[in-house]
Amino acid sequence: MSKTSAETVVENNQTGNQFPAVSDDNRVALAEQEKREQWKLLSLTFPALVVIALVILIPVGWLFYLSFIGKAGGFSLENYQKMIEYKSYARTFTTTFQVSFLTTLICILLGYPLAYFLAQLPGRWVGFFMLAVLLPFWTSLLVRTYAWLVLLQRKGIINDFAINMGLWESPIKLVHNMTGTLIGMAHIMLPFLVLPLYNAMKKIDRDMMHAASNLGASPARAFWTVYMPLSLPGMVAGSLIVFVLCLGFYVTPAVLGGGRVIMVSTQITAILENQFNWGAASALGVVLLIATLLVLFIAGRVLKLDAALFGKS
Amino acid sequence: MMYFGERSITRKTTSTLVTSSLKPIVKAALASAMVVGSATAADPVTVVSWGGSYGAAQDAALFNDASANTGIEINRESGASMSKTCLQVESGSVSWDLVVTGSGGGAAAAAKGCLEKIDFDVVDVSDFYPNLYTDYCVGSDVFATVMAWNTDKYGEPGSDGAPKTWADFFDVEKFPGTRAYRANNVDGALEPALMADGVPPEEVYDVLSTKEGMQRAINKIRELKPNIAVFWESGAQQAQLMKDAEVDMSTGWNGRFDNAKKDGATVGYSFDQALLDYDCFAIPKGAPNKDTAMKFLAEVSKPEYQANLPFHITYGPTNQKAYELTTAPKELIESLPSHPNNVPLMLPVSLDWYAQNRETALELYIEMLSE
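Protein chains in written order, with our numbering: chain P, 1 to 313; chain F, 1 to 371.
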């Protein structure tokens with residue numbers, strides 16, 4: 001490309017046609033500068049690329065390798081065969097995806113109105129309410145998880161209060177089950193959805209809504225046909241972050257699930273702690289990784305993720 | 001951080017800035033790698049135990065005094081685990097010298113070749129109870145897996161109407177209420193279910209040696225599952241569940257319940273049909289201070305240290321002589337799992353059974369949990 005344009009420059013100079021030659025000269029110079037800039041950027045990102053290779057690619061490759069090593073020490077598929085033999089593996093994968101999906105759904109239902117509210121606030125109030133979103137975000141995960149345990153357990157604050165008020169008679173099972181897990185997970189994940197969504201909503205031009213009403217749309221119609229689609233990229237990006245983070249979650253389901261909500265991460269720990277079997281644990285990790293990538297790929301196809309995440313059209 | 005004026009960062013300096021700032025990082029990384037590789041015998045011995053009241057009791061009764069008396073410096077860590085030990089051994093970067101483990105985990109790690117053989121010329125076990133040490137692990141204390149209950153709800157142990165056997169634990173009509181049971185780990189989980197199903201204690205491991213026998217135990221737990229409110233993961237959690245009255249009855253380790261009682265929980269337990277088990281000290285294969293660790297192990301195995309343990313946690317000594325030396329009151333001594341009055345009430349845990357069946361049993365157990 002640059003070669004041909006250089007040739008045209010020469011040709012143009014020979015014919016003495018000055019006008020396009022100047023602009024071509026510029027183009028060549030610009031192209032060269034752009035190339036230099038790209039090399040410079042690449043060299044600047046080189047350390048980061050090396051780090052990524054060291055901390056991600058090599059360990060993940062090692063994980064794949066280990067998953068094919070049997071107990072005898074040689075190549076074997078036994079770690080994968082075991083996952084078919086025992087139904088618990090399929091069940092923990094179902095639970096993991098179920099918990100992740102429901103948490104994401106709850107986060108959307110709670111987070112969308114919250115982000116909308118934040119986006120409508122005048123500037124000086126945003127900081128205050130944003131702090132309400134961020135403060136829990138900065139608090140230790142363990143502290144928040146155990147705080148929910150104190151609130152939700154059989155003789156916890158919520159049950160005690162409700163029984164004293166006569167709302168219900170005997171304690172309701174709020175924790176050590178799926179309910180408690182979802183409450184805790186949704187609380188921890190909410191900021192991951194609200195922050196990108198708020199960002200997307202802030203960029204929506206209010207005049208668009210005015211234009212819609214001007215053309216006769218009711219407020220509801222204006223919201224669904226104008227505002228909602230424009231906020232969608234932020235929502236998709238936030239939902240994906242939440243969903244993927246949930247897939248590998250360990251602490252909260254372990255504490256609030258009461259041993260009934262067994263996620264893949266829990267099972268990996270059980271195998272490592274009790275069987276010292278790196279191969280079997282690695283195989284679980286590999287399947288979870290592939291399942292996650294598959295979900296991202298399908299979501300990418302259906303939702304046009306490139307547009308949502310990177311702003312390409 | 002130095003401030004560079006905007007102008008001072010020219011095209012040339014950006015590249016040198018990157019390389020020159022990387023140099024010290026690389027140097028530091030190389031230096032730390034060399035330090036790890038050259039541990040000497042003068043280094044403190046790294047002793048690894050568990051958190052909560054257990055590790056604190058060992059510090060107070062064993063480690064602090066043994067360190068002072070021998071002059072062996074120790075570096076105390078928590079989070080002992082045989083899987084981490086094996087990981088260190090297999091990756092050739094062992095940093096632990098003496099590690100606490102349950103007897104079953106110790107036997108499994110030894111079978112995998114992760115542990116050093118104990119030098120019995122250094123460690124004197126002549127006064128130990130038989131079966132409380134192996135070639136690779138020296139017993140540190142004797143504990144029991146018991147059933148504990150809320151005494152407000154079911155009465156004090158031994159009183160009329162209080163639960164007595166595992167059959168009572170599994171009987172929610174006679175003893176209505178919620179239960180807690182072990183999560184994600186099959187150690188001590190199947191034996192109670194079989195006893196509740198009518199198998200006499202001495203036949204439990206025979207029945208469990210077949211897959212049908214394991215399934216029979218698991219079916220019994222499956223029946224109880226709707227009433228199991230929580231599956232516990234740790235000793236600290238057992239104590240917390242009883243303190244919060246989150247469950248009415250739980251399986252667990254006797255010392256944890258005694259300490260919960262000291263903290264004000266209304267909890268009681270009995271040794272009837274309990275599982276008699278022990279914890280032990282192991283030395284990882286290739287431990288950096290293997291010889292010093294062996295000497296330290298010899299010291300803490302002496303009866304005079306073990307005699308102090310009951311003051312801090314109600315786990316029994318493994319060295320019989322400790323019973324002669326201890327100054328603990330009679331009542332406390334009689335409450336220890338290894339006391340001659342209590343041992344006949346219990347079923348000793350079979351290490352052989354765990355060595356052969358732990359893996360299959362765990363898969364079946366998790367299968368039931370995940371339903």
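Derived by calculation from the structure, the hints in this document are not laboratory data. Note that the structure is a prediction, hence the values are computed from the model and not measured. All C-beta atoms, glycine included, are put in the ideal place defined by N, C-alpha and C. It is possible that part of the hints are untrue.
[To be verified] Anything over 12 Å on all C-beta distances counts as not near chain P; from chain F, calculated:
id, residue
1, Asp59
2, Ser126
3, Thr134
4, Leu241
5, Lys290
6, Glu304
7, Glu359
[As the list claims (entries may be wrong)] Pairs of lysine to any residue residues, derived as SDA-like cross-links and limited to a Cα-Cα distance of at most 25 Å, are as follows:
id, chain 1, residue 1, chain 2, residue 2
8, P, Lys87, F, Gln356
9, F, Lys330, F, Pro130
10, P, Lys82, P, Ala217
11, F, Lys330, F, Lys295
12, F, Lys153, F, Lys164
13, F, Lys84, P, Ile69
14, P, Lys82, P, Leu230
15, F, Lys243, P, Ser170
16, P, Lys82, F, Gly213
17, P, Lys87, F, Gly155
18, F, Lys225, P, Ala53
19, F, Lys112, P, Leu77
20, P, Lys82, F, Ser209
21, P, Lys173, F, Arg222
22, P, Lys173, P, His187
23, F, Lys295, F, Gly113
24, P, Lys173, F, Asp171
25, F, Lys225, P, His187
26, P, Lys173, F, Leu224
27, F, Lys153, P, Ala162
28, F, Lys243, F, Glu304
Verification of the supplied hints:
1. Asp59: holds, 24 Å
2. Ser126: holds, 32 Å
3. Thr134: Its Cβ never comes within 12 Å of chain P, the nearest being 17 Å, so this holds.
4. Leu241: The assertion about leucine 241(F) is violated, with a minimum of 9 Å to chain P.
5. Lys290: holds, 21 Å
6. Glu304: Nearest chain P Cβ is 34 Å from glutamate 304(F), so the label holds.
7. Glu359: violated, 6 Å
8. Lys87(P) - Gln356(F): holds, 22 Å
9. Lys330(F) - Pro130(F): Judged against 25 Å, a Cα distance of about 24 Å means the pair holds.
10. Lys82(P) - Ala217(P): violated, 59 Å
11. Lys330(F) - Lys295(F): violated, 32 Å
12. Lys153(F) - Lys164(F): holds, 14 Å
13. Lys84(F) - Ile69(P): holds, 19 Å
14. Lys82(P) - Leu230(P): violated, 47 Å
15. Lys243(F) - Ser170(P): holds, 19 Å
16. Lys82(P) - Gly213(F): holds, 21 Å
17. Lys87(P) - Gly155(F): violated, 41 Å
18. Lys225(F) - Ala53(P): violated, 46 Å
19. Lys112(F) - Leu77(P): holds, 21 Å
20. Lys82(P) - Ser209(F): holds, 21 Å
21. Lys173(P) - Arg222(F): Roughly 20 Å between the alpha carbons, so the hint for lysine 173(P) and arginine 222(F) holds.
22. Lys173(P) - His187(P): holds, 19 Å
23. Lys295(F) - Gly113(F): holds, 22 Å
24. Lys173(P) - Asp171(F): holds, 21 Å
25. Lys225(F) - His187(P): The hint is violated at about 29 Å.
26. Lys173(P) - Leu224(F): Given that 25 Å is the threshold and the Cα spacing comes to 17 Å, the pair holds.
27. Lys153(F) - Ala162(P): Holds, because 22 Å separates the two Cα atoms, which is no more than 25 Å.
28. Lys243(F) - Glu304(F): Status violated; Cα separation ~33 Å.
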